[in-house]
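Chemist: Each chain is listed here by its residues.
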Amino acid sequence: MAVPTGTLHLAAAIDGDGQYQAPYYVDLARLAERGTLDFVTLDDTFGPPGPGRGRLDALAVLSRVAPATGRIGLVPTVTTTHTEPFHVSSAVATLDWVSRGRAGWRVEVSSTEAEARLVGRRPAAPAGELWAEAGEVADVAARLWDSWEDDAEIRDTATGRFIDRDKLHYVDFESPRFTVRGPAIVPRPPQGHPVVAVAATDPVTWETAARHADVVYVHATSPEEAGRLRDQLRSRAVGYGREAGALTVLAAVAVDLADGEGAAGRSPADAPLVRPPATAGGPPLYRGGPVDLAELITGWHTADAVDGFHITPVAPRHDLERFVNGSVALLQHRGLFRTFYPGATLRDHLGLSRPANRYALEREAAR
Amino acid sequence: MSRQRKRIHLAAHFPGVNNTTVWADPRSKSQIDFSSFEHLARTAERGLFDFFFLAEGLRLREHNGRIHDLDVVGRPESMTVLNALAAVTERLGLAATVNTTFNEPYELARRFASLDHLSGGRAAWNVVTSSDAFTGENFRRGGFLDRADRYTRAAEFVAVARGLWDSQGTKGTPDGTPDGLRGGTPGGTPRPFAHTGRHFTLEGEFGLPRSPQGHPVVIQAGDSDEGREFAASTADVIFTRHGSLEAGRAFYADVKRRLARYGRAPEELKIMPGVTLVLGDTAAEAREKAVEIRRQQVSPQTALLTLEQIWGVDLSGYDPDGPLPDIDPDPDAQLAQGRVRHGDPLAVAAKWRALSEEKGLSIRQTVIEATGRQSFIGTPEAVAAEMAEYVAADAADGFILVPHLTPGGLDDFVDRVVPLLQERGAFRTAYTGPTLRDHLGLPYPGERRERD
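Residue numbers (UniProt numbering), protein chains in the order written: chain A, 1 to 367; chain B, 1 to 452.
Hints in this document: simulated from the structure, not taken from any laboratory. Note that the Cβ used here is the ideal one computed from N, Cα and C, for glycine as well. Worth double-checking, as some hints may not be accurate.
Stated by the list, open to error - If you want the footprint, here are the derived chain A segments under chain B, 3+ residues with CB under 8 angstroms:
| no. | region |
| --- | --- |
| 1 | 16-29 |
| 2 | 53-59 |
| 3 | 64-71 |
| 4 | 132-138 |
| 5 | 156-162 |
| 6 | 351-363 |
To be verified - With a Cα cut of at most 25 angstroms, we get these calculated DMTMM-like pairs of lysine to aspartate or glutamate:
| no. | chain 1 | residue 1 | chain 2 | residue 2 |
| --- | --- | --- | --- | --- |
| 7 | A | Lys-167 | B | Asp-33 |
| 8 | A | Lys-167 | B | Asp-281 |
| 9 | B | Lys-29 | A | Glu-149 |
As the list claims (entries may be wrong) - Label pairs and their computed distance ranges (CB to CB):
| no. | chain 1 | residue 1 | chain 2 | residue 2 | range |
| --- | --- | --- | --- | --- | --- |
| 10 | A | Pro-126 | B | Asp-25 | 51 to 61 angstroms |
| 11 | A | Pro-126 | B | Tyr-262 | 38 to 48 angstroms |
| 12 | B | Thr-282 | A | Ile-154 | 46 to 56 angstroms |
| 13 | A | Glu-174 | B | Arg-424 | 55 to 65 angstroms |
| 14 | B | Tyr-262 | A | Pro-176 | 42 to 52 angstroms |
| 15 | A | Glu-362 | B | Arg-140 | 24 to 34 angstroms |
Using the sequences and the hints, build the whole thing.
Modeler: This is the structure:
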């Protein structure tokens with residue numbers, strides 16, 4: 001599937017298990033913003049990820065980060081298994097309002113028995129079932145985001161009407177799993193639809209990713225493997241009536257940047273990218289210097305294997321700093337990566353257009 | 001003064017989706033843009049207010065099967081807004097109204113603990129319930145609970161949340177660190193949590209260390225007997241709507257008396273009525289402005305709609321400037337959905353009719369007269385004196401101010417009334433601590449036993 005090599009996209013995780021104070025996250029997000037990255041992500045799970053290592057609610061953290069940053073996209077993980085779709089839709093739309101159009105949402109499920117017991121509403125379910133539900137949550141969220149047309153607020157003093165109620169819509173979503181009547185409480189967010197991300201790192205997620213995501217992460221250790229995964233995901237997306245280019249595919253890489261500038265005696269072509277043991281999960285690990293990482297990124301991108309990279313610094317502060325000051329600076333110097341944000345919203349950074357409102361389109365079509 | 005002067009507590013309510021907001025005023029700006037929230041919150045913090053308060057919406061109101069279009073419609077989700085406001089304020093408490101009917105305790109306890117951590121101990125939760133199948137149509141939980149079950153679920157919900165907040169140990173007690181992160185490090189020994197009750201069964205380990213306030217402040221609204229009892233047993237602040245000095249004093253005495261039953265001291269629950277205010281350079285000017293504001297809030301259309309909400313029938317044929325309808329309300333009708341109903345429609349109608357006949361009021365005038373909430377109207381000096389009097393007379397511990405303009409509606413109050421309250425010694429001149437509990441003078445919770 002020939003999609004020409006486009007703009008390089010870079011994103012970084014600012015995860016902080018065991019970090020509970022706002023300045024930690026603000027500093028990392030500002031560092032990433034200094035590198036003009038497209039967005040930062042923050043992982044989440046209901047349960048403690050390990051003994052003595054808790055996580056704050058990711059959407060809360062990135063809402064706290066929003067006014068302290070100016071341009072960078074903010075993509076928290078929000079799980080769909082034990083939450084109410086209506087609340088999820090409202091919270092993500094509100095993150096878009098408070099960040100003035102910089103919100104995304106990484107869709108995730110909660111498949112463990114331990115998480116189910118924390119909430120106590122229903123038992124754990126198989127991943128396939130949960131991902132099908134996650135797709136429905138993404139679907140209803142988008143419908144709710146559209147349930148207000150952009151010009152619904154009229155403040156018409158002549159008739160005393162604050163809104164034109166013909167431009168508000170019931171979504172009437174029904175599935176065996178849940179129903180939502182609508183309309184949303186939150187007016188349509190600045191981006192129309194905040195950006196939807198899915199870690200498409202397991203085939204069980206692929207249908208949901210291809211159908212609903214704007215951004216997907218894949219796990220690959222070679223450009224060939226990454227390119228194959230991107231082709232597969234894009235052809236599935238086309239099967240859902242979407243354009244192939246609607247899906248921005250990023251290679252997820254954990255990075256452990258050594259203190260040197262490059263790994264001695266190794267050519268960039270075989271820069272080390274190691275698949276973690278199956279039991280550990282997680283993205284492939286890059287270990288080396290920031291210059292070699294820039295070489296690797298350049299190589300994969302010019303081979304048109306991926307649209308960019310989502311990096312997870314192993315030591316958040318240290319590795320992100322070296323990534324921004326080393327790898328990103330080099331990519332910018334080579335003209336492969338932007339040096340400033342030409343737009344204001346996350347959709348602008350990703351080169352994604354603002355989606356038309358489905359109800360407005362229907363209304364136009366009915367005329 | 002023979003007795004020690006009580007300090008007034010003040011909070012700012014971002015005006016919501018009702019006819020308090022005069023959206024047609026040219027000074028009225030967006031009710032959604034973050035800049036509006038930022039302006040009102042910064043104003044409140046400049047005025048050394050205790051907290052900033054957001055209401056909740058879970059379904060757009062309907063009238064006669066159609067979305068209500070006369071008032072402000074739409075608002076962002078509260079906790080997300082408050083987390084963002086934590087970035088642009090330093091001391092102001094941040095209070096979100098969140099329903100116990102359409103949420104689960106673990107998730108909400110985690111979200112409030114997150115807000116408390118991220119704001120350095122400024123989180124508050126206004127606990128509300130919903131009985132409404134209409135609202136339920138937006139939620140997986142769907143249906144509704146009857147009135148009694150709403151309160152038992154809410155009580156169990158709050159107890160479970162507090163159990164979760166306590167489950168990481170309580171040794172992170174206040175240590176007065178300058179950055180306001182008291183108790184912000186994991187204290188004590190994390191222990192597993194288990195609860196089996198009528199409404200909830202959950203177990204596991206809470207994923208967060210004890211937050212700076214230990215327990216985010218709990219606010220509760222409600223005037224019924226169950227509501228008062230629930231507040232006396234669990235709340236730190238009660239949000240009321242008592243109009244007169246006498247009614248306020250009776251409510252105050254009743255609620256404070258109930259606290260002893262739960263082993264609580266009177267100062268452990270702050271009573272804060274929601275009030276509006278109108279300032280003028282003279283008393284006459286303030287009164288004129290107040291009349292004009294009420295006329296803007298209750299347009300002819302709004303007057304008829306308000307009446308229909310009580311009568312439960314279509315009254316569109318009536319003249320808003322004419323007399324009240326002589327027909328009786330239909331008490332079972334559901335013409336208006338998604339708004340709180342106050343009292344029995346037949347009783348309300350009888351009261352309104354009496355008011356209208358006594359004073360010779362039209363429909364619109366009656367609605368204006370009957371639906372106004374407690375309002376301080378006058379010169380800054382008069383308003384300061386009246387507020388201080390209410391608090392000194394034990395009709396309230398303070399007030400939640402509901403401005404009629406977004407977002408500049410408290411500018412004048414902060415610039416002109418707050419200094420006068422300070423001169424009288426009735427209001428703080430600086431924040432004395434970093435957390436909302438400090439502002440409100442509330443104790444830090446010690447270890448609680450998990451309740452069943």
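Chemist: Hint by hint, say whether it matches the structure.
Modeler: So, going through the hints one by one against the coordinates:
1. 16-29: holds (count 4)
2. 53-59: holds (count 5)
3. 64-71: Answer holds; 5 residues pass the 8 angstroms Cβ test.
4. 132-138: violated (count 0)
5. 156-162: holds (count 4)
6. 351-363: The restraint on the region 351-363 of chain A is violated, since only 0 of its residues have a Cβ under 8 angstroms from chain B and three are required.
7. A/Lys-167 x B/Asp-33: Distance ~20 angstroms between A/Lys-167 and B/Asp-33 Cα, so the pair holds.
8. A/Lys-167 x B/Asp-281: Roughly 43 angstroms separates the two Cα atoms, so the pair is violated.
9. B/Lys-29 x A/Glu-149: Given that 25 angstroms is the threshold and the Cα spacing comes to 19 angstroms, the pair holds.
10. A/Pro-126 x B/Asp-25: 51 to 61 angstroms: Once the Cβ atoms are compared, 56 angstroms apart, the range 51 to 61 angstroms for B/Asp-25 and A/Pro-126 holds.
11. A/Pro-126 x B/Tyr-262: 38 to 48 angstroms: Given range 38 to 48 angstroms: holds, Cβ gap about 46 angstroms.
12. B/Thr-282 x A/Ile-154: 46 to 56 angstroms: For A/Ile-154 against B/Thr-282, whose Cβ atoms are near 37 angstroms apart, the range 46 to 56 angstroms is violated.
13. A/Glu-174 x B/Arg-424: 55 to 65 angstroms: For B/Arg-424 against A/Glu-174, whose Cβ atoms are near 60 angstroms apart, the range 55 to 65 angstroms holds.
14. B/Tyr-262 x A/Pro-176: 42 to 52 angstroms: 45 angstroms Cβ-Cβ, so the 42 to 52 angstroms window holds.
15. A/Glu-362 x B/Arg-140: 24 to 34 angstroms: Once the Cβ atoms are compared, 27 angstroms apart, the range 24 to 34 angstroms for B/Arg-140 and A/Glu-362 holds.
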